[in-house]
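Colleague: Here's the letter readout for the chains.
Number of protein chains: 2
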Amino acid sequence: MVPRVKPIDLLIRNGTVLTVDPHGTMIENGAVAVSADRIVKVGREDALSTSCRATKTIDAGGGIIMPGLVNTHTHAAMSLFRGLADDLPLTNWLNDHIFKVEARWLNPESVHAGTLLSCAEMLLSGTTTFCDGYFFEDAVAEAVQESGMRAILGQGIVDFPSPGVPDPKENVAEAARFIEKWNEKTSLVIPGLFCHSPYTCSEKTLKDARRVADAAGSLFQIHVAETQGEVKEIEQRHGVSPVQYLDRIGILNARTLAVHAIWVDEADIECMAGHGVGVSVTTESEMKLASGVAPIPEFLKKGLAVGIGTDGCASNNNLDMLQEMDMTAKLHKLKTLDPAVLDARQVLALATRRGADAIGLGGQIGSIEVGKKADLIIIDTRKPHLTPLYDPVSHLVYAAGGSDVRDVIIDGRLVVHDRALLTINIEPVFEFVSDLARRIAS
Amino acid sequence: MVPRVKPIDLLIRNGTVLTVDPHGTMIENGAVAVSADRIVKVGREDALSTSCRATKTIDAGGGIIMPGLVNTHTHAAMSLFRGLADDLPLTNWLNDHIFKVEARWLNPESVHAGTLLSCAEMLLSGTTTFCDGYFFEDAVAEAVQESGMRAILGQGIVDFPSPGVPDPKENVAEAARFIEKWNEKTSLVIPGLFCHSPYTCSEKTLKDARRVADAAGSLFQIHVAETQGEVKEIEQRHGVSPVQYLDRIGILNARTLAVHAIWVDEADIECMAGHGVGVSVTTESEMKLASGVAPIPEFLKKGLAVGIGTDGCASNNNLDMLQEMDMTAKLHKLKTLDPAVLDARQVLALATRRGADAIGLGGQIGSIEVGKKADLIIIDTRKPHLTPLYDPVSHLVYAAGGSDVRDVIIDGRLVVHDRALLTINIEPVFEFVSDLARRIAS
Numbered sequence: 011m012v013p014r015v016k017p018i019d020l021l022i023r024n025g026t027v028l029t030v031d032p033h034g035t036m037i038e039n040g041a042v043a044v045s046a047d048r049i050v051k052v053g054r055e056d057a058l059s060t061s062c063r064a065t066k067t068i069d070a071g072g073g074i075i076m077p078g079l080v081n082t083h084t085h086a087a088m089s090l091f092r093g094l095a096d097d098l099p100l101t102n103w104l105n106d107h108i109f110k111v112e113a114r115w116l117n118p119e120s121v122h123a124g125t126l127l128s129c130a131e132m133l134l135s136g137t138t139t140f141c142d143g144y145f146f147e148d149a150v151a152e153a154v155q156e157s158g159m160r161a162i163l164g165q166g167i168v169d170f171p172s173p174g175v176p177d178p179k180e181n182v183a184e185a186a187r188f189i190e191k192w193n194e195k196t197s198l199v200i201p202g203l204f205c206h207s208p209y210t211c212s213e214k215t216l217k218d219a220r221r222v223a224d225a226a227g228s229l230f231q232i233h234v235a236e237t238q239g240e241v242k243e244i245e246q247r248h249g250v251s252p253v254q255y256l257d258r259i260g261i262l263n264a265r266t267l268a269v270h271a272i273w274v275d276e277a278d279i280e281c282m283a284g285h286g287v288g289v290s291v292t293t294e295s296e297m298k299l300a301s302g303v304a305p306i307p308e309f310l311k312k313g314l315a316v317g318i319g320t321d322g323c324a325s326n327n328n329l330d331m332l333q334e335m336d337m338t339a340k341l342h343k344l345k346t347l348d349p350a351v352l353d354a355r356q357v358l359a360l361a362t363r364r365g366a367d368a369i370g371l372g373g374q375i376g377s378i379e380v381g382k383k384a385d386l387i388i389i390d391t392r393k394p395h396l397t398p399l400y401d402p403v404s405h406l407v408y409a410a411g412g413s414d415v416r417d418v419i420i421d422g423r424l425v426v427h428d429r430a431l432l433t434i435n436i437e438p439v440f441e442f443v444s445d446l447a448r449r450i451a452s
Numbered sequence: 011m012v013p014r015v016k017p018i019d020l021l022i023r024n025g026t027v028l029t030v031d032p033h034g035t036m037i038e039n040g041a042v043a044v045s046a047d048r049i050v051k052v053g054r055e056d057a058l059s060t061s062c063r064a065t066k067t068i069d070a071g072g073g074i075i076m077p078g079l080v081n082t083h084t085h086a087a088m089s090l091f092r093g094l095a096d097d098l099p100l101t102n103w104l105n106d107h108i109f110k111v112e113a114r115w116l117n118p119e120s121v122h123a124g125t126l127l128s129c130a131e132m133l134l135s136g137t138t139t140f141c142d143g144y145f146f147e148d149a150v151a152e153a154v155q156e157s158g159m160r161a162i163l164g165q166g167i168v169d170f171p172s173p174g175v176p177d178p179k180e181n182v183a184e185a186a187r188f189i190e191k192w193n194e195k196t197s198l199v200i201p202g203l204f205c206h207s208p209y210t211c212s213e214k215t216l217k218d219a220r221r222v223a224d225a226a227g228s229l230f231q232i233h234v235a236e237t238q239g240e241v242k243e244i245e246q247r248h249g250v251s252p253v254q255y256l257d258r259i260g261i262l263n264a265r266t267l268a269v270h271a272i273w274v275d276e277a278d279i280e281c282m283a284g285h286g287v288g289v290s291v292t293t294e295s296e297m298k299l300a301s302g303v304a305p306i307p308e309f310l311k312k313g314l315a316v317g318i319g320t321d322g323c324a325s326n327n328n329l330d331m332l333q334e335m336d337m338t339a340k341l342h343k344l345k346t347l348d349p350a351v352l353d354a355r356q357v358l359a360l361a362t363r364r365g366a367d368a369i370g371l372g373g374q375i376g377s378i379e380v381g382k383k384a385d386l387i388i389i390d391t392r393k394p395h396l397t398p399l400y401d402p403v404s405h406l407v408y409a410a411g412g413s414d415v416r417d418v419i420i421d422g423r424l425v426v427h428d429r430a431l432l433t434i435n436i437e438p439v440f441e442f443v444s445d446l447a448r449r450i451a452s
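For the protein sequence lines, the chains are C and H, in the order given. No gaps in the numbering here: position 24 of the first sequence is 34 in the working numbering, and each next residue is one more. No gaps in the numbering here: position 212 of the second sequence is 222 in the working numbering, and each next residue is one more.
Pulled out of the complex, with its shape left as it was, chain C reads as follows (with noise of 0.2 Å):
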């Protein structure tokens, strides 16, 4: 006789379970059974206490179990720089500022410490994947490594002299050199390459990337269309708009995410939806710093897979996924006068299993399914802001916030219980960073 009881690893049980599959399934009452780093059973914790046997158990204290949230862009290192210069117009911010005190103070230290330092946020507020383009990528590998987190990284690729790169002739070099050191090393890190932007790249490096990219099945994240300035310039340069540039030099296809794209026309659309690409809004960072609203509705219409990110927290100013939802959901009712457009299903589905869509992992992550990832994180509603409790879905959008995370577990693995960080010794980064801070502002 087949023995009836399944032994597990991971019992996660009584809690109501938002799987975010296509169908939208929830299950009150709900558990989900977990071995090694994967999804094995999703139900009732009535069928699957009877039919697991679990090794480890995590009471969800009655609250919510869902996939964990996809960060699709961010510039980790960043946090190094959180509030150093705001309310200031793009290019001055960038060329005045950012640009100035990356080139002064980033390192493959510095760099590690500032991702450390936002992996630390991104796993308490419930972020267990992010795709991050940045310098000095090798130091971000080494500290998603140690957070546990699971990330793709780009390396950083400009027509200048850049962190760690002073040869820009060397650019696209460096980025497969990284790529190739980190390729299939581990199943959390994730290598890719980061073309900054079609102004800031020649049509050379692009197509240069492009290749390097390609050949090793990795992901190329580009900015296009962030500014109405950019695709003027674009427009004046290349007679096309920025997308349609990309299109012509054969940049556009399945494994190419498009981050931003606020100033795309129905034609970009189109040719973004022909190639597959997915796209990464960021809209508090959009907001702040003025660059416009990405027609996320469109996108959707036309079947694009389409993710949210925070952008890096010199923008922002933090990685927190849940505000996000809630200012995406809210700022395209606004944009169109109406409050039915992106709805909280929607936009749930974004931070989540689309977002995992639109980087390529949507196979392995986003969804509470059977065979996929245990990337799974616990919502603590027992609070005076999640109650009463109508509508989880609603909650998660529009009332939540990253602090509402409890645990977090990524491949199968508890990075995160009783919001007490298990694999960053945070008070050394903090330490770090705010001496660096400190040495920075004077």
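Don't take every hint at face value.
No copy labels: a pair is met if it fits in one copy or bridges any two.
Claimed, not checked - Listed below are the simulated DSBU-like cross-link pairs for lysine-lysine, each with C-alpha atoms no more than 35 Å apart in a straight line:
(1) Lys-345 with Lys-311
(2) Lys-242 with Lys-345
(3) Lys-179 with Lys-195
(4) Lys-345 with Lys-312
(5) Lys-312 with Lys-217
(6) Lys-179 with Lys-242
(7) Lys-312 with Lys-16
(8) Lys-191 with Lys-345
Just so you know, the hints here were simulated from the structure itself, not pulled from any lab data.
Add chain H to chain C, keeping to what the hints say.
Modeller: Relative to the frame of chain C, chain H by itself:
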């Protein structure tokens, strides 16, 4: 010889004091001395600790010491309906959902519980004073007294049967009775009235209510120019804009709070400024209901006293004033495509000192200045998302959330310590509200 050491009741020390006074004075290594319900000294800790001897000392742990937040518009008891109906047009949301559940489920007991729940949430997110407009306002006043908060409470007035006032002919008389009952009864509960809007109250009702408010020296709150539909309706009925209409019938004076004030033109703004009308903007609710964007920068140019409010939890869906600041700042940058608009300092003032001005309490609260009431909060900055710390004001507006509030002092009394509520026993409130919600949902 005169003794040099002053005995005081409470010394709050070891923090950066953001006074939010008109000069934006910030004091590093600062302290605040409190005697009874008042601030008696503000300065550097070394100076204060030698000149004062305190009965009780609170160590701010290197965090931020600042004035309590002033929520200039909410309907506290609507927390009962948080997340019950989202993503709907205003009229549909109001007529098919909110008015119906209010008619069925509001009574003194439920309003008391919902208000206590909201007081708990507000205290835990740093609000020390709020301005309420609802029904069964006696029950609200009792909950506020229990919570230890400071509040201006407006008994609701509409020209149709409303919860607690089945005969609309009694609406103004009921408000007059409420004001008489609570006027000068306590220093923390300040009665007033709340005419719902120029489209739900007749000219006679508005004028009668104005007389009652003026006779008592009370605040007259009113929703005005919230939607394009309202403006159209008032223009059709009265030939002028909502603001001009209220002016023509003598409703506007310095004890008036105009809530929303979204669809106003320059003449409307000048009219409000001329009468010294205060304005309350509730950005998140106005976005979620797709009402529009109030022209805050234009209000400020004309010298209007502007405050921020959360509105009720059924359209926000929380009472987090720190998040409200963030969204307000970012939205106006986006609207004007100018990231320098509404900088962090201005927005912090709206949530504190200017908000107090808008509701007529500017002489008493809203900043840390000698002689003002001791309504103070402490922000814990030793967290990943608040590290490093270049600029406390930037962090408050762009990075912090309500859950970063550690301690709350109102009228000189400690009401939250280390995130524990000292005045509200929350478990029975959770139980009552959750049970009620189950019945409402079924």
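Colleague: Against this structure, judge whether each hint is valid.
Modeller: Going down the list of hints, with the structure as the test:
Proximity of Lys-345 to Lys-311 under the C-alpha cut-off of 35 Å is found in both arrangements, the shortest distances being 17 Å within a copy and 25 Å between copies. Proximity of Lys-242 to Lys-345 under the C-alpha cut-off of 35 Å is found in both arrangements, the shortest distances being 23 Å within a copy and 20 Å between copies. Taking the closest pair of Cα atoms, Lys-179 and Lys-195 come within 35 Å of each other only inside a single copy of the chain (27 Å); across copies the shortest separation is 76 Å, beyond that limit. For the identical chains of this complex, Lys-345 and Lys-312 are neighbours both inside a copy (19 Å) and across copies (26 Å), given an alpha-carbon limit of 35 Å.
Only within a single protomer do Lys-312 and Lys-217 lie at most 35 Å apart by alpha-carbon distance; the minimum there is 27 Å, versus 54 Å between protomers. Taking CA atoms no more than 35 Å apart as the test, Lys-179 paired with Lys-242 passes inside one copy only; the shortest distance there is 27 Å, against 62 Å between copies. Taking CA atoms no more than 35 Å apart as the test, Lys-312 paired with Lys-16 passes in neither setting, with 43 Å inside one copy and 71 Å between copies. Taking CA atoms no more than 35 Å apart as the test, Lys-191 paired with Lys-345 passes in neither setting, with 44 Å inside one copy and 45 Å between copies.
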